[in-house]
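*Asks:* Just need the whole structure built from these sequences, with the hints factored in.
Protein chains in written order, with our numbering: chain Z, 1 to 342; chain X, 1 to 342; chain E, 1 to 342; chain S, 1 to 342.
These are computed hints drawn from the structure, not numbers from a lab.
A couple of the hints might just be wrong.
The list cannot tell twin chains apart, which means a pair is met if one copy fits it or any two copies do.
Simulated crosslink set (SDA-like; lysine to any residue; CA at most 20 angstroms straight-line) [to be verified]:
#1 LYS248 - ALA206
#2 LYS107 - GLN297
#3 LYS86 - GLY275
#4 LYS248 - ILE170
#5 LYS248 - ASP300
#6 LYS248 - SER227
#7 LYS136 - GLU110
#8 LYS186 - ASP61
#9 LYS248 - GLY207
#10 LYS186 - GLN171
#11 LYS223 - ASP105
#12 LYS251 - SER227
#13 LYS248 - GLN171
#14 LYS248 - TRP112
#15 LYS86 - ASP61
#16 LYS3 - GLY91
#17 LYS248 - ALA225
#18 LYS223 - THR137
As the structure is a prediction and not an experimental result, all values here were calculated from the model.
Protein chains: 4
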Amino acid sequence: MIKVGIVGATGYTGVELLRLLAIHPEVSLHVITSRSDGGLAVSDLFPNLRNHIDLHFSEPDVEELSACDVVFFATPHCVAMSMVPKLLARGTRIIDLSADFRLRDAKQWEQWYNMPHTCPELLAQAVYGLPEVNRKTIRTAQLIAVPGCYPTATQLGFLPLLEQGVIDPIQLIADTKSGVSGAGRKAAVGSLLAEASENMKAYAVAGHRHLPEIEQGLSDVCKQAVSLTFVPHLTPMIRGIHATLYGKLTKSVDLQQLFEQRYANEPFVDVLPAGSHPETRSVRGANVCRIAVHQPQHRDTVVVLSAIDNLVKGASGQAVQNMNIMFGLDESLAINNIATLP
Amino acid sequence: MIKVGIVGATGYTGVELLRLLAIHPEVSLHVITSRSDGGLAVSDLFPNLRNHIDLHFSEPDVEELSACDVVFFATPHCVAMSMVPKLLARGTRIIDLSADFRLRDAKQWEQWYNMPHTCPELLAQAVYGLPEVNRKTIRTAQLIAVPGCYPTATQLGFLPLLEQGVIDPIQLIADTKSGVSGAGRKAAVGSLLAEASENMKAYAVAGHRHLPEIEQGLSDVCKQAVSLTFVPHLTPMIRGIHATLYGKLTKSVDLQQLFEQRYANEPFVDVLPAGSHPETRSVRGANVCRIAVHQPQHRDTVVVLSAIDNLVKGASGQAVQNMNIMFGLDESLAINNIATLP
Amino acid sequence: MIKVGIVGATGYTGVELLRLLAIHPEVSLHVITSRSDGGLAVSDLFPNLRNHIDLHFSEPDVEELSACDVVFFATPHCVAMSMVPKLLARGTRIIDLSADFRLRDAKQWEQWYNMPHTCPELLAQAVYGLPEVNRKTIRTAQLIAVPGCYPTATQLGFLPLLEQGVIDPIQLIADTKSGVSGAGRKAAVGSLLAEASENMKAYAVAGHRHLPEIEQGLSDVCKQAVSLTFVPHLTPMIRGIHATLYGKLTKSVDLQQLFEQRYANEPFVDVLPAGSHPETRSVRGANVCRIAVHQPQHRDTVVVLSAIDNLVKGASGQAVQNMNIMFGLDESLAINNIATLP
Amino acid sequence: MIKVGIVGATGYTGVELLRLLAIHPEVSLHVITSRSDGGLAVSDLFPNLRNHIDLHFSEPDVEELSACDVVFFATPHCVAMSMVPKLLARGTRIIDLSADFRLRDAKQWEQWYNMPHTCPELLAQAVYGLPEVNRKTIRTAQLIAVPGCYPTATQLGFLPLLEQGVIDPIQLIADTKSGVSGAGRKAAVGSLLAEASENMKAYAVAGHRHLPEIEQGLSDVCKQAVSLTFVPHLTPMIRGIHATLYGKLTKSVDLQQLFEQRYANEPFVDVLPAGSHPETRSVRGANVCRIAVHQPQHRDTVVVLSAIDNLVKGASGQAVQNMNIMFGLDESLAINNIATLP
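*Replies:* Dropping the structure here:
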């Protein structure tokens with residue numbers, strides 16, 4: 001059994017991690033921490049977990065956490081970086097769902113997150129936990145930076161095209177739509193049902209923190225600088241990300257075949273038949289990215305549609321997928337559940 | 001392995017049954033029928049089932065169905081009654097999610113459903129599949145009538161009070177609220193998002209078909225006629241039933257203890273701590289009924305709050321629970337999953 | 001022109017008041033105050049008001065407010081009571097949308113609101129602004145307490161029955177459902193879209209502050225103490241209240257005629273034809289209460305369905321209706337708009 | 001008074017047209033037709049219109065319609081073309097909200113709508129009713145083709161850029177998101193709340209009928225062929241369109257100033273301050289298009305955000321705006337109402 005700790009499990013990625021780990025046959029939940037809700041029964045905060053998880057939140061404690069084989073951080077940025085060095089020093093492996101170790105360039109990180117990075121020396125060691133790209137290095141990683149939700153949907157959609165060099169890497173556009181749970185479980189007027197329901201809007205068009213993360217990942221793939229116009233939108237639903245991706249084709253190619261071949265052996269990427277339109281509800285609660293590729297009017301713009309559940313393949317499911325790989329388990333263990341529809 | 005057939009799996013109780021049975025370790029899905037969609041791949045209709053269920057819908061055929069150990073009917077009323085006699089005659093057990101065998105009185109059935117019942121002789125043999133009341137008879141039943149969604153939430157809420165005789169059985173009120181999936185997967189203007197979203201209304205106040213079913217069940221329990229005012233409401237959400245039940249107390253009693261004792265050994269009824277308010281999201285996708293009991297202002301009206309997922313404990317989950325009991329399996333097998341929250 | 005001031009217009013009743021008053025031909029908006037957002041353009045906070053209202057929020061100032069003919073308070077409780085005595089002393093009339101002057105009994109107020117009332121001497125003078133009951137006294141009132149949203153829907157539904165003495169006043173039940181805007185425009189986890197959408201729950205079953213307000217109003221009508229079981233529910237929509245009311249009939253009476261006669265001359269109460277079910281969307285944005293009355297199965301329980309928009313007939317529309325009456329205008333002026341559907 | 005007839009008022013553009021015309025001071029509603037609901041009271045179908053519109057639907061009759069000064073068609077395509085020639089011959093002016101007269105090229109129309117056009121000779125005479133482009137010709141037009149919802153939001157966003165020649169006209173992208181009312185008030189499984197809520201998807205990526213309409217309009221403006229990639233999405237809300245538009249800049253220009261100058265005198269186009277993000281709720285129920293322009297990272301891709309209510313500025317409000325212009329009235333008469341928020 002893998003002894004697991006979770007730091008900061010009072011948010012949405014936290015409760016989703018608990019839902020997945022509670023039924024994982026190789027996991028023993030050892031400690032669940034919360035600075036704000038120490039002492040509270042986990043199921044008092046999350047009524048869906050009643051009769052499934054009997055633990056209480058405890059104050060985060062490095063001693064106790066270091067007794068775990070692996071510790072997940074489901075925290076806002078800046079929390080993981082304060083504890084990770086100590087835990088790594090004691091041999092505990094880390095799966096960080098926050099943004100602390102996603103960018104390799106500390107200066108860039110500091111510019112986008114407006115604060116100093118306290119352990120930049122670990123950035124080179126951190127493995128970007130996108131199994132479809134980095135499966136091999138994930139196996140032996142001590143520190144995983146789980147990709148963000150938008151970056152997962154966007155990179156999986158662009159990857160086949162950039163790897164094969166069939167689109168212009170400096171004319172990329174990602175028009176992305178996210179459910180409101182992406183804003184986290186924090187009291188904010190803009191996320192109220194009375195504000196966000198029956199409403200659609202773009203936000204952060206001037207610059208969103210996922211932009212440098214996506215550009216870094218895509219640049220790695222095509223071995224050259226990429227330029228992405230990234231426009232996120234807030235959509236009136238709880239879960240789900242739909243990324244609509246646009247690229248300028250530079251070669252004629254069988255796009256359907258290109259995508260099917262690229263993901264033929266990927267357990268959690270599903271390339272839909274030609275002419276399809278993936279729906280976010282088809283992945284609700286499930287650790288899968290469904291993708292369709294189109295070339296409207298046979299013109300030179302390729303359109304990729306990519307749908308994930310932001311809390312599963314976009315966060316906690318992908319984190320468990322990383323854990324399964326790191327500990328030599330079946331990669332699908334406990335995360336092969338079926339989306340709930342309707 | 002239990003060889004399973006499903007008749008009419010193109011509706012919402014059908015797809016939910018498939019989601020649950022697809023991961024059931026003791027079930028082998030043999031045949032899935034649809035009169036309207038014969039030949040279609042199941043996963044073409046329900047994209048959440050892609051890579052989980054490879055079967056195609058076939059035309060309903062008694063020969064093929066009778067090769068199953070058990071056949072589920074997830075059909076509108078009047079379909080099951082036309083095939084059940086033949087299947088029973090060949091030894092196939094039946095779990096009917098429709099209303100065909102829920103009422104014992106054929107005349108009453110015909111009055112509420114406006115058509116003749118074609119096999120009234122089977123009504124006496126049918127077992128009403130509410131495990132919390134009829135677990136023993138379910139074990140050996142050949143024909144199960146799975147309770148309706150409103151009846152499940154309502155009966156589980158009133159049961160402890162009527163069994164102990166602490167409320168007046170002729171002054172019962174059930175104010176119930178259902179998500180729109182309760183209306184089924186059929187094209188109807190009133191169920192359009194543009195009609196049903198941002199809207200709340202009562203319907204069928206003059207008389208709803210679940211009224212005689214509930215009154216029959218409650219009368220059985222308290223061995224006398226009951227009188228229920230039943231007001232269903234359409235609520236702008238996909239899944240969930242919240243029943244708010246009112247009874248007039250005739251005795252002073254520790255209500256919290258009464259409920260906790262009644263359901264102490266029930267795996268799928270969760271009595272919440274005193275002062276709680278169950279939320280439908282806490283049971284979304286899960287086969288559980290969460291209940292709280294209140295006595296506002298210490299007056300003589302008891303208020304019971306009862307929440308289920310109409311498609312799970314209110315339909316398909318309960319159907320699988322019946323199957324588990326009928327075949328001597330662990331009652332919770334494959335239906336002990338955790339609700340998805342948020 | 002009536003010179004109008006609004007105190008605390010940054011909430012939902014505030015913005016709705018502004019939407020209605022902006023087009024009122026007899027109103028001149030003089031000052032709009034906000035303690036938190038002083039200096040901000042009103043249309044920066046509420047983008048629907050761009051090009052319709054050019055004012056900025058200012059700090060509340062008694063001098064400036066007393067230059068108005070009437071001041072609306074769209075504030076949380078306890079704000080109005082701190083300013084109203086000074087404004088009344090200077091001859092400014094008050095329409096208070098908060099709860100400060102709704103209860104006549106100061107002790108009861110203090111018990112339900114957990115704080116001392118700072119001007120109990122004004123309670124006797126305040127007029128409860130339900131025009132369907134108090135139209136005459138509203139005309140000359142200096143201080144109006146606008147009814148709460150649940151109390152409006154509930155009282156309008158019970159009034160005809162209690163006035164005519166056809167139901168038992170100590171066996172009243174109000175099962176009420178509200179959209180989330182009823183919780184106000186304040187950051188609270190429970191009101192997030194990710195928490196409140198796709199969810200239904202009761203709340204405050206042990207005791208809600210609108211209970212004493214409703215019981216006071218209904219007791220006035222039937223000249224005796226009433227007893228109400230009041231269960232509010234949170235519904236996944238922005239606007240709307242649906243009250244489902246239950247009474248025990250003590251006389252046989254033509255209920256449809258009773259309601260139609262009672263409200264024959266009321267411009268903002270619409271009694272639907274027999275057999276109807278009012279929908280909250282039919283009153284969305286409109287200052288009307290739609291009511292239907294049923295007697296299911298011809299038994300002795302009467303069921304009244306009452307629907308309003310909580311922000312209009314349940315708050316700001318009713319406030320303007322009061323103003324129209326107070327200033328001798330056509331009662332419907334500027335509030336006779338049509339609900340938006342779909 | 002303008003004598004008005006409406007053909008086909010049982011859909012969503014119909015009820016919205018009725019809401020707007022019912023309060024129009026210069027309009028007398030003469031006849032409202034419906035082939036399917038002849039004889040029904042309008043307010044029985046649309047409960048928001050109770051006490052506002054007393055007419056009944058009648059069978060469409062050319063004699064009766066030709067007694068009107070103007071007839072609106074709020075019908076599916078192919079209905080208007082069958083009656084318009086007769087009405088024009090009798091001097092009745094036409095405002096057609098359907099697609100019948102939007103394309104000037106009959107062959108193109110037949111290709112996209114899969115049927116012959118029965119009066120292609122009228123296409124040249126029809127005026128495309130986008131007041132921001134064609135105000136002068138609208139004044140004297142006998143036959144107006146009201147633009148589609150997507151085309152309105154998309155063209156208003158691209159217009160300033162193409163008129164000034166600052167973007168490449170053959171690299172246009174429109175990523176558009178619509179509420180479900182855009183699919184109309186017709187029973188269809190895909191538009192059910194249980195299907196479309198909590199879901200996001202693209203549709204018709206291979207080709208949507210609004211594509212040729214938009215390309216025709218934009219080509220007119222920049223006097224050369226344009227090429228647009230157009231991807232519509234279904235969004236889980238009732239009303240609203242958000243168009244996110246991408247263009248490749250070919251010149252350096254002050255984009256904010258460009259947009260503000262272009263629309264300085266337009267009553268129904270609101271250019272937001274630099275850095276803004278328009279929300280669809282800010283135009284809900286209102287006849288306005290709110291626009292913001294961005295140049296992310298100062299790169300060469302311009303992003304325009306354009307929000308309308310699909311049923312108002314995208315259909316019925318724009319139709320009334322056309323009528324006001326045609327009959328020499330104040331262009332804003334009866335359509336200057338404020339959006340409902342929240």
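*Asks:* All the hints need checking, so say for each whether the structure fits it.
*Replies:* Against the structure, the hints:
In the homo-oligomer, the alpha carbons of LYS248 and ALA206 lie at most 20 angstroms apart only across protomers (17 angstroms), although the nearest pairing inside one protomer, at 23 angstroms, exceeds that limit. With identical chains, the CA atoms of LYS107 and GLN297 are at most 20 angstroms apart between copies only, with a shortest distance of 17 angstroms across copies and 43 angstroms within one. Taking the shortest Cα distances, LYS86 and GLY275 never come within 20 angstroms of each other, neither inside one copy (51 angstroms) nor across copies (42 angstroms). In this assembly of identical chains, LYS248 and ILE170 lie within 20 angstroms of each other by CA distance both inside one copy and across copies; the values are 9 angstroms within and 12 angstroms between.
Taking CA atoms no more than 20 angstroms apart as the test, LYS248 paired with ASP300 passes in both settings, with 6 angstroms inside one copy and 15 angstroms between copies. In this homomeric assembly, LYS248 and SER227 come within 20 angstroms of each other (Cα to Cα) both inside a single copy, at 12 angstroms, and across copies, at 13 angstroms. Taking the shortest alpha-carbon separations for LYS136 and GLU110, neither the intra-copy value of 29 angstroms nor the inter-copy value of 55 angstroms comes in at or below 20 angstroms. In this homomeric assembly, LYS186 and ASP61 never come within 20 angstroms of each other (Cα to Cα): the closest approach is 23 angstroms inside a single copy and 34 angstroms across copies.
For a Cα distance limit of 20 angstroms, the shortest separation of LYS248 from GLY207 across copies, 18 angstroms, qualifies, whereas the shortest one inside one copy, 22 angstroms, does not. With identical chains, the CA atoms of LYS186 and GLN171 are never at most 20 angstroms apart, being 35 angstroms at best within one copy and 40 angstroms at best between copies. For a Cα distance limit of 20 angstroms, the shortest separation of LYS223 from ASP105 inside one copy, 16 angstroms, qualifies, whereas the shortest one across copies, 47 angstroms, does not. Proximity of LYS251 to SER227 under the C-alpha cut-off of 20 angstroms is found in both arrangements, the shortest distances being 19 angstroms within a copy and 19 angstroms between copies.
Proximity of LYS248 to GLN171 under the C-alpha cut-off of 20 angstroms is found in both arrangements, the shortest distances being 7 angstroms within a copy and 9 angstroms between copies. In this assembly of identical chains, LYS248 and TRP112 lie within 20 angstroms of each other by CA distance neither inside one copy nor across copies; the values are 28 angstroms within and 26 angstroms between. For a Cα distance limit of 20 angstroms, the shortest separation of LYS86 from ASP61 inside one copy, 11 angstroms, qualifies, whereas the shortest one across copies, 56 angstroms, does not. Only within a single protomer do LYS3 and GLY91 lie at most 20 angstroms apart by alpha-carbon distance; the minimum there is 13 angstroms, versus 49 angstroms between protomers.
In this assembly of identical chains, the alpha carbons of LYS248 and ALA225 lie at most 20 angstroms apart whether taken from the same copy (16 angstroms) or from different copies (19 angstroms). Taking the shortest alpha-carbon separations for LYS223 and THR137, only the intra-copy value of 18 angstroms comes in at or below 20 angstroms, while the best inter-copy value is 55 angstroms.
Of the numbered hints stated above, those contradicted by the structure are hints 3, 7, 8, 10, 14, listed in ascending order.
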